[in-house]
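S.K.: Read off the chains here:
2 protein chains.
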Amino acid sequence: MDSITVLSGGVGGARFLQGLLHGIAHGRLPGVSPDATVTVVANTADDLWLHGLKVCPDLDTVMYTLGGGIDAERGWGRQDETWSAKDELAAYGVEPTWFGLGDRDLATHLVRTQMLDAGYPLSAVTEALCRRWQPGVRLLPMTDDRVETHIAIADVDSPSGRRVVHFQEYWVRLRAAVPADAVIVVGLETCSPAPGVLDAVTGADLVLLPPSNPVVSVGTILGVPGVRDALRATSAPVVGLSPIVGGTHVHGMAHQMLTSIGVEVSAGAVGRHYGARTSADGVLDGWLVDERDADQVAGVREAGLACAAAPLIMSDLDATAAMAAAAIGLVT
Amino acid sequence: MDSITVLSGGVGGARFLQGLLHGIAHGRLPGVSPDATVTVVANTADDLWLHGLKVCPDLDTVMYTLGGGIDAERGWGRQDETWSAKDELAAYGVEPTWFGLGDRDLATHLVRTQMLDAGYPLSAVTEALCRRWQPGVRLLPMTDDRVETHIAIADVDSPSGRRVVHFQEYWVRLRAAVPADAVIVVGLETCSPAPGVLDAVTGADLVLLPPSNPVVSVGTILGVPGVRDALRATSAPVVGLSPIVGGTHVHGMAHQMLTSIGVEVSAGAVGRHYGARTSADGVLDGWLVDERDADQVAGVREAGLACAAAPLIMSDLDATAAMAAAAIGLVT
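Listed in order, the protein sequences are those of chains H and S.
The working numbering puts the first residue of the first sequence at 123, with every later residue one more than the last.
The working numbering puts the first residue of the second sequence at 123, with every later residue one more than the last.
Bound-form chain H, shown alone (with noise of 0.2 Å):
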């Protein structure tokens, strides 16, 4: 296999990817050229307009790490990076300032602004900032087009009951610690998937779902137009590594996000909520649980799916890459 597409989150896909990296630079995967190139389609619906600023998480968290410049004990910013901006737009009492805008960081977003502003795609602007990291994979959004993820959380002062807050007010203020009522993906149905991004799924040898988080960022990806028919089309084998193990998310917040659109927390009901491509509207071909969730191999492959436990806590390169591993040979 020479090229391999990832349909990735932010934390939790960059650390797969990283792993994914190793595991190719090593020979280390079955049936895996070591010269295989990486697609990365990253989820977008987590970006905020922040400042005037557009700010793209899942991007850049996959650029800095990929490309050397990420905090790593954070697993999100960049390293040796101070604050001094953020602490004057609090004291100029401008919100929010929940926000973790470092002073190296802002430096992306104003470039990222600027291009915007001049007429270039976020593709483009993607591609440009690229060029600086060599992050190693062409990493691509998975739309150039305003695409936010708002989730609906209970609201006791409001006449309606409910309240609705930008993902990242929900994830990073609230700390997903009330319940979502709902998740809504404002901009995702019109939206077109950006340049290459089909093409990375229909012509590539191999398809990775990492252990992002399956609603809010594999989720969204799957939810622009084309993209579901394209992985359901593709001639490349289609698998994905569970991001809950021993039925809890091992970074993130994937509960509130299942029981929102009615998904049990487990490994297995995450792997049936994607599907076999067998069935109606599924896109897997394999899914890879932990260990831990052994039991629940049956059930998946009761709903069509190669599957198999394997130990899936990325501790370090080695111990990811062999996750990689693990998952192609579900499918090899």
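There's no promise every hint is true.
To be verified - Which residues of chain S face chain H? A partial, calculated answer using Cβ under 8 Å:
| id | residue |
| --- | --- |
| 1 | Q201 |
| 2 | T204 |
| 3 | A207 |
| 4 | E210 |
| 5 | A229 |
| 6 | L232 |
| 7 | S280 |
| 8 | S282 |
| 9 | R285 |
FYI, nobody ran anything at the bench for these hints, they're computed from the structure.
Built from N, CA and C at the ideal position, the CB exists for glycine as well.
Model the placement of chain S on the given structure of chain H, informed by the hints.
M.R.: Just chain S, lined up with the frame of chain H:
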């Protein structure tokens, strides 16, 4: 006198204003009430759009200086500044790299740009920013319209033999080290004075021209339609202080600028360039020169201006307050 209006540039004007406020507070200015209010009409022709942000160097220098946020040693920008975003922009290869855009300073430009994008005029934005800084003066931009000074310089590589650069590029990157063939203030003739500017001149008890650059600072303010007429019509005395001391500009670049408009670089010539209100289009009643330029007092008086010599080095608040007192003494 209860109300004083000052037409100010950046660093020099801000330092003068500090001394003026000091002199008012300590009752050291002849005929000026300790409760007198000060309105500053600031030059905005040095403004520039940088990385998509509106930067107003003179407004900010006055605001930061009087609000206690200036880096006193540099004379511009914020104290305790960091430069992370600037380093990153350079790493992206984004031009220009020569402008000193600090991280703290960036926050001011972000707030300003977002307010301008939302439709607020620069005067309203400046008022909003000053709510944080409390500069102790009413700070008005000379105009809400876009006005930008450009400088024509010789360029042997250009077919015309000339190149036109933004004032900031001439000043910051080229350090005013090449002759200025011409000063072109784009937008000046068609701009309107910002709300309050003309009233601040006609309604004042005293108008002061601090030792700011007579061409690109005070000169552009005088070029805003209506300002020169207001200065000639006001019942308030108008008095200025020479930025040229001993035949040279203490801080700044008056030499190149004066030469470009054919004015001799001397304290007396600058006073005569502003001219007496009793002459055809002059704006001054009085002109204070440095003690080293005492030989020029007679020539200035011949031009119809009250004139005297006094120490004009703004070495500290007391010295600067004494300068203001001497200037005011000329017309009271």
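S.K.: Are A207(S) and chain H close enough, Cβ to Cβ, to be under 8 Å, as the hint says?
M.R.: holds (5 Å)
S.K.: Holds or violated: the hint that S280(S) contacts chain H, with Cβ atoms closer than 8 Å.
M.R.: violated (25 Å)
S.K.: A closest beta-carbon separation below 8 Å is what the hint needs, so does R285(S) meet it against chain H?
M.R.: violated (23 Å)
S.K.: Given a cut of 8 Å on the nearest C-beta pair, is the interface hint for L232(S) held or broken against chain H?
M.R.: holds (5 Å)
S.K.: Holds or violated: the hint that Q201(S) contacts chain H, with Cβ atoms closer than 8 Å.
M.R.: violated (11 Å)
S.K.: Less than 8 Å between beta-carbons is the criterion; does E210(S) satisfy it with respect to chain H?
M.R.: With Cβ-Cβ at 3 Å, under 8 Å, it holds.
S.K.: Hint check: is the beta carbon of T204(S) less than 8 Å from a beta carbon of chain H?
M.R.: holds (5 Å)
S.K.: S282(S) was flagged as interface toward chain H. Is the shortest Cβ-Cβ separation under 8 Å?
M.R.: Interface hint status for S282(S): violated (27 Å vs cutoff 8 Å).
S.K.: Holds or violated: is there a CB of chain H closer than 8 Å to the CB of A229(S)?
M.R.: Hint on A229(S): holds, closest Cβ of chain H at ~3 Å, below 8 Å.
The structure does not agree with the numbered hints 1, 7, 8 and 9 stated previously, though it agrees with the rest.
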